[in-house]
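Quick note, the sequences are listed as chains V and B, same order. Heads up: the first sequence runs through residues 1 to 359, numbered per the UniProt record's numbering. Heads up: the second sequence runs through residues 1 to 359, numbered per the UniProt record's numbering.
Just so you know, these hints were derived from the structure itself, not from any lab. Mixed in with the good hints, there may be bad ones.
Any copy will do: because identical chains look the same in the list, a pair fits if it lies in one copy or spans two.
Calculated cross-link-like contacts (lysine-lysine; reagent style DSSO-like; alpha-carbon spacing at most 30 Å) [said to hold, decoys possible]: (1) K83 / K333; (2) K146 / K338; (3) K338 / K83; (4) K257 / K338; (5) K257 / K146; (6) K333 / K146; (7) K257 / K333.
Protein chains: 2
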Amino acid sequence: MPDTPAEADTAIDMESWVCPAPLRDSPNIVMGHGGGGAMSAELIEHLFLPAFGRAAEAGMGDSAVLDVGNVRLAFSTDSFVVKPLSFPGGTIGDLAVNGTVNDLAMAGARPLVMSTAFILEEGTSLDDLARVAQAVGTAAMAAGVKLVTGDTKVVDAGHGDGVYINTAGIGLIDERADIRPQRATEGDVVIVSGDIGVHGVAVMSCREGLEFGTTVASDTAPLHGLVAAMIDTGADIHALRDPTRGGVAATLNEIAKTADVGISLDERTFPIPAEVRDACGLLGLDPLYVANEGKLLAFVAPTEADRVLTAMRAHPLGAHATVIGRCVAEHPKMVSAKTALGGTRVVDLPIGEQLPRIC
Amino acid sequence: MPDTPAEADTAIDMESWVCPAPLRDSPNIVMGHGGGGAMSAELIEHLFLPAFGRAAEAGMGDSAVLDVGNVRLAFSTDSFVVKPLSFPGGTIGDLAVNGTVNDLAMAGARPLVMSTAFILEEGTSLDDLARVAQAVGTAAMAAGVKLVTGDTKVVDAGHGDGVYINTAGIGLIDERADIRPQRATEGDVVIVSGDIGVHGVAVMSCREGLEFGTTVASDTAPLHGLVAAMIDTGADIHALRDPTRGGVAATLNEIAKTADVGISLDERTFPIPAEVRDACGLLGLDPLYVANEGKLLAFVAPTEADRVLTAMRAHPLGAHATVIGRCVAEHPKMVSAKTALGGTRVVDLPIGEQLPRIC
Chain V
1 MPDTPAEADT
11 AIDMESWVCP
21 APLRDSPNIV
31 MGHGGGGAMS
41 AELIEHLFLP
51 AFGRAAEAGM
61 GDSAVLDVGN
71 VRLAFSTDSF
81 VVKPLSFPGG
91 TIGDLAVNGT
101 VNDLAMAGAR
111 PLVMSTAFIL
121 EEGTSLDDLA
131 RVAQAVGTAA
141 MAAGVKLVTG
151 DTKVVDAGHG
161 DGVYINTAGI
171 GLIDERADIR
181 PQRATEGDVV
191 IVSGDIGVHG
201 VAVMSCREGL
211 EFGTTVASDT
221 APLHGLVAAM
231 IDTGADIHAL
241 RDPTRGGVAA
251 TLNEIAKTAD
261 VGISLDERTF
271 PIPAEVRDAC
281 GLLGLDPLYV
291 ANEGKLLAFV
301 APTEADRVLT
311 AMRAHPLGAH
321 ATVIGRCVAE
331 HPKMVSAKTA
341 LGGTRVVDLP
351 IGEQLPRIC
Chain B
1 MPDTPAEADT
11 AIDMESWVCP
21 APLRDSPNIV
31 MGHGGGGAMS
41 AELIEHLFLP
51 AFGRAAEAGM
61 GDSAVLDVGN
71 VRLAFSTDSF
81 VVKPLSFPGG
91 TIGDLAVNGT
101 VNDLAMAGAR
111 PLVMSTAFIL
121 EEGTSLDDLA
131 RVAQAVGTAA
141 MAAGVKLVTG
151 DTKVVDAGHG
161 DGVYINTAGI
171 GLIDERADIR
181 PQRATEGDVV
191 IVSGDIGVHG
201 VAVMSCREGL
211 EFGTTVASDT
221 APLHGLVAAM
231 IDTGADIHAL
241 RDPTRGGVAA
251 TLNEIAKTAD
261 VGISLDERTF
271 PIPAEVRDAC
281 GLLGLDPLYV
291 ANEGKLLAFV
301 APTEADRVLT
311 AMRAHPLGAH
321 ATVIGRCVAE
331 HPKMVSAKTA
341 LGGTRVVDLP
351 IGEQLPRIC
C-alpha cells in the first residue's frame with residue numbers, strides 16, 4: 001500500500017475536467033446542492049465520485065457498513081448548519097446527535113461512540129455555545145452514545161453562523177439485521193413511524209422574516225430504540241431510512257431508484273397534523289417534501305407488517321406508525337400517490353430544496 | 001438504556017451556569033479558542049466537558065481507542081478551515097485526509113475508512129470544488145484509506161469561506177502497539193521526524209496581504225507508513241503526536257502535562273530550515289509554535305532510540321529524523337529548552353495562536 005502522495009494514482013485529469021452536463025446550469029454552488037434532492041445527487045455523482053476516483057467505495061451512502069474482526073459496524077457522518085441555532089423543540093445540538101444516531105440506526109445499528117467537531121464563528125457568545133454543547137451532551141446521554149473525540153476550529157466574524165457542528169458515529173450492527181435500501185422489493189409494505197413534516201415547519205416558524213404562530217415543535221429524536229424494538233419482533237426488515245432533507249418524497253425516490261422498484265402511496269393515509277398542513281399552505285409547501293428529524297420509513301414484507309406495526313405502536317416514538325403505501329412492479333424507480341380525489345400523481349424527487357438550512 | 005430525550009439526565013444546570021474564570025476574559029469566542037493552545041484547552045475543560053457531562057468519555061483527545069469484538073480501533077475527527085484553500089505544497093483536501101490519517105497513526109493505527117463532510121458556500125465555483133475533491137481522492141488513495149460515507153451542506157454566500165471539510169476516520173490499531181501520551185516517562189528520548197515549521201510558513205506565504213517570497217512548500221503527508229516502520233522495529237514506542245496547531249511547543253506541553261514529566265530540549269538540535277527561520281524572523285514568529293502537517297514527535301526509551309531513528313531515517317518521511325530532547329524528573333509538566341548561548345528558557349504552552357486558520 002503506497003503511503004506517500006507521490007505514489008498515488010490520479011483520480012481524474014483535472015486539466016481536461018469539464019463541469020458535466022447535469023451540473024452545467026450553474027458553474028457555481030447554489031443552495032439546492034445542499035438540499036438532499038436531485039441537485040445533491042448530481043453533485044455526488046458527477047463531481048465528488050469522479051474526483052474521489054478509486055478511493056470512493058460504494059455509493060457514499062448515509063451510513064457505511066464495515067466488517068472488521070468479528071463485528072459488523074456502521075459508520076456515518078453529518079454536518080449541521082441549521083438556522084436559527086434554536087427552534088421550537090430543539091437546537092442544532094440535538095439535531096447533530098440524533099441525526100448521526102439515526103443514520104446508524106437505519107442500518108440496524110446501536111450507536112456506540114460519536115465524534116463532535118465544532119466550527120465556531122469569532123464573536124459567538126460562550127453562553128450560546130454552552131447551551132448548544134449541553135444539548136449535545138443531553139442528547140448523547142439519551143441515546144446512550146459516548147462522545148469520545150472532537151475538534152474545535154474558529155473562523156473570522158462574519159464567516160460561519162455562530163456554530164456549525166459535524167458529528168460522526170460508529171454503531172454495532174445487530175447480527176439479525178440485513179437492512180439495506182437495495183432489499184426493498186415488490187409487495188413490500190411502506191410504513192412511516194409517525195406524523196410527517198413537523199421538523200421543517202418548526203424551524204421555519206421562527207426564522208427571521210417568516211415568524212408565524214404555530215404550536216409545532218421539532219420531532220428530533222434518536223430512533224435506534226424504535227429500530228431495536230422492530231428487529232426484536234423477529235421480522236426481516238428490508239429497508240429503513242429517515243426522511244430528513246427533501247422529506248418523505250426524496251427518501252422514497254432514492255429507495256425506488258436504488259432498489260429498482262415502483263412505490264405507490266395513498267395520500268389519504270399520510271399522517272399530517274393539521275398545524276403542519278396549515279403552515280405548509282401558508283408557505284406554499286408540500287408536507288411530503290418537508291424535513292423530519294425523528295421519523296423513519298420502513299419496508300417489510302406484507303406478511304410481517306402487522307407484527308412490525310404493533311411493535312412500533314408500542315414504542316413512544318412509533319405510536320402513530322401507519323402504512324402509507326406499497327412497492328409495486330409498475331413504474332420502477334418512480335413514486336406515485338393516489339390523491340384524495342381518486343386520481344394519481346407522480347411524486348418527483350425534488351430538484352433543490354424547498355427549505356434551505358433546515359438541518 | 002433510555003432512548004427518548006425526556007428520560008435523559010441533565011448534564012449541568014444551564015440556568016445557573018456562569019462562564020467560568022479561565023474563560024471570563026472574553027464572554028465571546030475569539031480566534032485563539034481555535035488555536036490549539038491554552039485557550040483551546042480551557043474551552044474544552046471549562047465549557048465542553050461540563051456541558052457534555054457523563055456523555056463525555058476520557059479527555060476527548062485527538063484519537064479515541066475503541067475495543068469492539070476482537071479488535072481495537074482508533075477513531076478521530078478534524079475539521080479544516082484553512083485560508084486560502086490552496087497553498088504551496090497542498091490544498092485543504094490534502095490536509096483533510098492526511099490530518100485524520102495522522103491522528104489515527106499517532107495511536108499506532110492503520111487507517112481503514114474515512115468520512116468526508118463538506119460545508120460549501122453558495123457561489124463557490126464547481127471547478128474549485130472539483131480540484132479540492134480531487135485532492136481528497138488522491139490523498140486518500142495515497143494513504144490507502146477508503147472514502148465510505150459523506151455529507152454535503154450549503155450555506156449562504158458570505159457565510160463560510162468556499163469550502164470547509166470535516167473528516168472522521170477509523171483505523172485498526174497494531175496489536176503490538178500501546179502508544180499513549182500517558183506513557184511518556186523520565187529518561188525517554190524525544191525524536192522529531194524532520195524539519196519543523198514548514199506548513200505554517202507555506203500557508204502564510206500566500207495569505208492575502210502577507211505574500212512574501214519563499215520556496216517553502218507544506219509538508220502535508222500521511223504518516224501511518226512511517227509509524228508502521230517504527231513499530232516493525234519491535235521497539236516499544238511510548239507516545240506519538242503530530243505537532244499541528246500550536247506546533248512542537250504546544251504538543252510537547254500537552255504531553256508533559258498528561259504524562260506528568262518534564263521535557264528538556266536543546267535548541268541547537270532543532271531541525272529548522274533556513275527559509276523557515278527567515279520567514280519566521282520576518283513575521284515575528286517562533287518556529288517552535290508554527291504548525292506542521294507531516295511530522296511526528298516520538299517518545300522512546302533511550303535503549304531503543306537508535307534502532308527507531310535508523311528505521312525512521314530509512315523512510316522517505318523520516319529522512320531527517322533527529323533527537324531534540326529528553327524527558328526529565330525536574331520541572332514536571334513543563335518544557336524547557338537550552339538556548340544556543342547556553343542558557344535555559346521555558347517553552348510555554350501558547351495562549352491563543354500565532355497563525356489563525358492554518359489548518
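Now for the hints, and whether the structure bears them out:
Proximity of K83 to K333 under the C-alpha cut-off of 30 Å is found in neither arrangement, the shortest distances being 33 Å within a copy and 43 Å between copies. For the homomeric pair K146 and K338, neither the shortest alpha-carbon distance inside one copy (44 Å) nor that between copies (43 Å) is at most 30 Å. For the homomeric pair K338 and K83, neither the shortest alpha-carbon distance inside one copy (35 Å) nor that between copies (52 Å) is at most 30 Å. In the homo-oligomer, the alpha carbons of K257 and K338 lie at most 30 Å apart inside one protomer (20 Å), although the nearest pairing across protomers, at 66 Å, exceeds that limit.
Taking the shortest alpha-carbon separations for K257 and K146, only the inter-copy value of 25 Å comes in at or below 30 Å, while the best intra-copy value is 35 Å. In this homomeric assembly, K333 and K146 come within 30 Å of each other (Cα to Cα) only across copies, at 29 Å, whereas the closest approach inside a single copy is 39 Å. Within a single copy, K257 and K333 get their C-alpha atoms as close as 4 Å, which meets the 30 Å cut-off; across copies the closest is 58 Å, which misses it.
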